[in-house]
Structures are given as C-alpha cells and as structure tokens.
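Could you put together the complete structure from these sequences and hints?
4 protein chains.
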Amino acid sequence: MITSITTYRVTYADTDPMGVMYYGNYAKLYEIGRTEMIREFGFTYREIEEAGTLMPVASVNTKYLRPIKYDELITIETSLKELPTARMVFHHKIFNENGDLSNTSEVTLVFLDTKSSRPIRPPEKLTEILKGEGLS
Amino acid sequence: MITSITTYRVTYADTDPMGVMYYGNYAKLYEIGRTEMIREFGFTYREIEEAGTLMPVASVNTKYLRPIKYDELITIETSLKELPTARMVFHHKIFNENGDLSNTSEVTLVFLDTKSSRPIRPPEKLTEILKGEGLS
Amino acid sequence: MITSITTYRVTYADTDPMGVMYYGNYAKLYEIGRTEMIREFGFTYREIEEAGTLMPVASVNTKYLRPIKYDELITIETSLKELPTARMVFHHKIFNENGDLSNTSEVTLVFLDTKSSRPIRPPEKLTEILKGEGLS
Amino acid sequence: MITSITTYRVTYADTDPMGVMYYGNYAKLYEIGRTEMIREFGFTYREIEEAGTLMPVASVNTKYLRPIKYDELITIETSLKELPTARMVFHHKIFNENGDLSNTSEVTLVFLDTKSSRPIRPPEKLTEILKGEGLS
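Protein chains in written order, with our numbering: chain A, 753 to 888; chain B, 753 to 888; chain C, 753 to 888; chain D, 753 to 888.
Because the hints were derived from the structure by calculation, they are not lab data. Wrong hints could be hidden among the right ones.
A pair holds if it fits inside one copy or across any two, identical chains being indistinguishable in the list.
What the hints assert, rightly or not - Derived DSSO-like pairs: lysine-lysine, alpha-carbon spacing no greater than 27 Å straight-line:
1. 821 x 780
2. 780 x 815
3. 833 x 815
4. 833 x 883
5. 877 x 821
6. 815 x 867
7. 833 x 821
8. 821 x 867
9. 867 x 833
10. 833 x 845
Below, the structure written as structure tokens:
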C-alpha cells in the first residue's frame with residue numbers, strides 16, 4: 753500500500769449554514785489528495801492529460817463520520833492498494849484538526865484516450881512508478 | 753415508492769476543463785432533488801431546520817455513467833422507497849438532455865436535534881405525509 | 753436598454769456559516785443572468801463558443817446591499833445598455849424573495865478568437881439581434 | 753501599508769471549460785488572502801466571529817488581466833493601506849506561476865454585531881495590531 757498525506761484549510765466558501773464543510777465539497781479534498789499523491793511520484797495529473805490520457809471519476813463511495821468545521825486545518829490521507837488496470841481506486845481518510853477520523857471514501861477513476869474518449873490502459877510511466885513503490 | 757422530478761441547467765461554474773459537470777458538483781443536484789421533493793410535500797427543508805431538526809448527510813454512493821455537458825438541461829429524478837427511521841435514503845437518477853441515464857446515487861441522511869446534535873426521530877409531519885403517500 | 757429576468761433558488765451549497773449566499777457565488781448568478789438573456793435572443797452562449805468566439809470576463813464591480821438567505825427564490829435582472837464593441841457590459845440587479853434589491857453588479861466581457869486567443873469583434877449575429885432590439 | 757503573501761494550487765474544481773480558473777472562484781482566493789493575513793496578526797477570523805463581530809463583504813471590484821490555468825501554483829498578495837473605520841478595504845494582487853500579474857481586486861468588508869446585525873466598530877484588538885504595524 754502506498755500512502756500520501758496532505759493538508760487543507762477549510763474556507764468560508766467550503767462551509768454551509770451548519771458551519772461545517774458542505775458534503776459536496778469533500779470531492780475537492782479527494783481530488784487534492786490524489787493530485788498531490790501523483791505529484792509525489794514525480795509528475796502531475798496535468799502531464800498525464802497532456803500526454804493523452806483523461807482520468808474521469810467512475811464512482812464515489814463516501815461516509816461522513818464527523819462534521820469538519822470552518823477554518824480547521826484538516827489532513828487528507830490518500831492510499832493506493834493495488835496496481836491500476838482498467839480502473840484506479842483511491843482510498844481517502846480525512847482527519848479533522850484534532851486528528852479524529854471524519855470521512856472515508858473510495859474514489860474510482862478510469863483511463864480514457866483524450867481524443868477518442870475510449871478506455872485505454874494506464875500510462876506506462878504511472879504503472880512503472882507504482883510497481884517500483886511495491887504495488888502489484 | 754415516491755418519485756419527484758426536477759430539472760437543472762448546467763452552468764460554466766459547474767463544469768471543469770473536460771467541459772463536463774465536475775464530479776463534486778453532482779452533490780448539489782442531489783440536494784436540489786431532495787429539497788424539491790420535500791417542497792412538493794407541502795413544506796420545506798428550511799422549515800424542518802427551523803422546527804429543530806438538522807438532516808446532515810451520512811453517506812453517498814454514486815456512479816458516473818455518462819458525462820453531462822455544459823448548458824445541458826438535465827433531469828433529476830428523486831425517489832424514496834421506504835419510511836425514514838433513524839435514516840432517510842434518497843435515490844437519485846440523473847438524465848442528460850437526451851434522456852440518457854448519466855448518474856445514479858444513493859444519499860443517506862440522519863436526523864439530529866439542532867441544539868444537542870443528538871440523533872432524533874424524523875419529524876412527525878414528514879412521517880405522516882410519507883405514510884399518506886403510501887410508504888411503509 | 754434590453755432587460756431579461758430569470759429566477760434562482762438558493763441552495764445549501766451556495767450558502768455559508770452566516771446562513772446566507774457566499775459572496776463568491778453571486779458570480780454564478782450573473783452568469784445565469786447573461787446566459788438566459790442570450791438564450792432569449794434565440795441562440796446560446798454554447799453556440800457562440802462553438803462558432804469560434806470565447807467571452808471571458810474582464811472585470812466585475814459588485815455591491816452587496818442585503819444578504820440573501822438559504823432557500824430564497826431570488827430574481828436576477830440582467831440589462832444591456834449599449835451595443836458591444838470590443839467589450840460587452842452586463843448590468844445585474846438581484847432581488848431577494850421579498851423583492852428587495854440585494855445586489856448590483858456590472859460585469860464586462862471581451863471577445864476572443866477561440867483558436868488564437870486574440871481579441872475579435874462581437875459575433876455578427878449577436879450584434880444584429882441587439883440592433884434589432886433597439887440598442888445602439 | 754501591510755502586505756501578506758500566501759500561495760494556492762488551482763484545482764480541477766476551480767476551473768471551467770476554458771481550462772482556466774472560473775471568474776467566480778477568485779472570491780475564494782481573496783478570502784484566503786485576508787484570512788491568512790489576519791492569522792499572521794496572531795489571531796483568526798473565526799475568533800473575531802466568536803467574539804461577536806461578523807465581517808460580511810460590502811463590495812468587490814476586480815479586474816481579470818490574464819487567465820490562471822489548472823494546476824498552477826499561484827501567489828495571493830494581500831495589502832491593507834489604512835486603518836479600518838466603518839469599513840476595511842483589502843487590496844489583492846494575484847500572480848500566476850510565472851509571476852505575471854493576473855488579477856487585481858479591492859474587497860471591502862464591514863463590521864456587524866453578530867446578534868443585532870447592526871454596524872459596529874472594528875474589534876479593538878485588530879485596530880491595536882494594525883496601529884502597531886504602522887497603519888493610520
């Protein structure tokens with residue numbers, strides 16, 4: 753399993769009348785988590801797109817365990833458990849400022865050719881790096 | 753089963769560099785779907801809150817089947833299959849402008865006391881209406 | 753002067769811990785206002801883009817006069833006062849559910865060639881329609 | 753003049769079909785700029801609210817000079833030029849990843865009593881700090 757950690761400060765823009773992170777805005781946290789993980793591998797999602805692969809989201813399963821409040825500095829933990837094939841599954845845990853687990857999610861992306869919009873294999877470079885990190 | 757239908761026009765604000773609805777913005781569609789369903793029952797979520805009950809989201813399971821493009825007039829179909837107990841589960845289907853099924857989701861909400869933040873039973877009024885509509 | 757009216761229901765997603773529309777989300781209202789005005793002319797902003805013209809926003813000046821609350825059905829009034837040249841200026845007034853003026857803004861867009869990103873003249877078709885509506 | 757600098761990574765969530773930051777999402781950047789400036793003073797906007805003062809936005813004037821692209825690490829420069837009285841004016845400059853000035857704005861906030869929603873003077877503590885920093 754590969755794990756990446758990043759932090760995020762909750763804004764007024766993120767929150768709702770309950771004073772907590774709006775449930776729809778967690779998707780942005782997952783995006784930040786997986787984007788920063790890829791950056792740690794030495795390249796970027798932007799480069800993957802520019803090289804001809806889109807990675808749209810196919811499904812999201814998420815559980816909201818505790819509210820996250822305005823201005824909290826939260827932690828996004830992103831994990832990969834296996835090599836991507838037709839799909840790539842990111843597992844996220846979000847911890848509030850006190851370190852309590854607040855949200856878990858499983859976000860599945862697929863690989864599409866930018867031009868044809870047809871399914872393609874994951875970028876060679878990505879697979880190589882993940883193998884090097886010990887995934888199988 | 754009770755079903756409610758509403759429509760929504762996709763904005764530039766909703767869409768991403770792929771020119772399609774950003775995956776995180778579907779949560780707003782589910783919110784609109786359940787809010788308009790409650791309005792059809794003759795009251796509003798705002799009134800439920802003012803009467804002392806919060807309904808935070810506990811979980812979301814969603815599948816993205818087809819992209820939804822900028823400026824499409826989409827249809828949000830919201831269904832309830834059973835009477836709420838500690839939880840209330842909304843089922844959503846989103847159809848693109850051509851009528852193709854584009855997204856399905858299951859959104860579970862819980863009932864909390866506004867003051868104590870403790871779990872409470874669903875508002876009597878809501879349960880009565882749903883029974884009247886044939887749910888059990 | 754040409755004026756177009758549209759309505760919008762404020763969502764939980766739009767609001768902040770004060771229970772009112774987040775100041776950044778008004779931009780979406782202006783977008784809806786100008787998009788629906790163009791639709792009333794018989795074509796769409798999407799078609800303008802597809803025909804090779806982008807219309808990015810160059811400036812926004814806005815005054816927040818009254819808060820707009822969650823679930824209010826607000827009215828967006830959009831006006832054009834003169835024919836677009838290099839720039840097109842939309843004037844917006846937003847009224848809350850009681851009809852009180854809540855926000856005014858002036859949003860200026862420019863015309864760019866989709867391919868070259870260079871400034872171009874407004875689409876002929878748009879200018880013709882606006883002249884037909886009496887603008888000069 | 754007091755100036756504060758912070759950075760922000762542009763997300764997919766922030767961008768639109770043009771592949772650039774949606775014009776409405778800049779408001780969040782101004783929010784981050786002023787919030788981080790206040791944090792540098794040794795307290796937080798959250799504390800100001802908890803102490804009984806709301807600071808809603810009264811007006812925004814902004815100019816979009818260059819597009820900001822997906823994944824750019826941008827710089828938000830926030831300045832105060834004078835002591836707040838009934839109003840507090842934040843001046844923002846946003847620079848793209850290459851250091852080019854991309855957006856300027858002037859955001860004016862007012863001070864309201866949390867309970868009465870009536871205008872009040874700026875928090876004593878804030879004024880003291882700003883005087884200490886040389887503002888007049």
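Item to check | Violated constraints from the hint list, given by number and in increasing order | outcome: As far as the earlier hints go, 7, 9 are violated by this structure, in ascending order.
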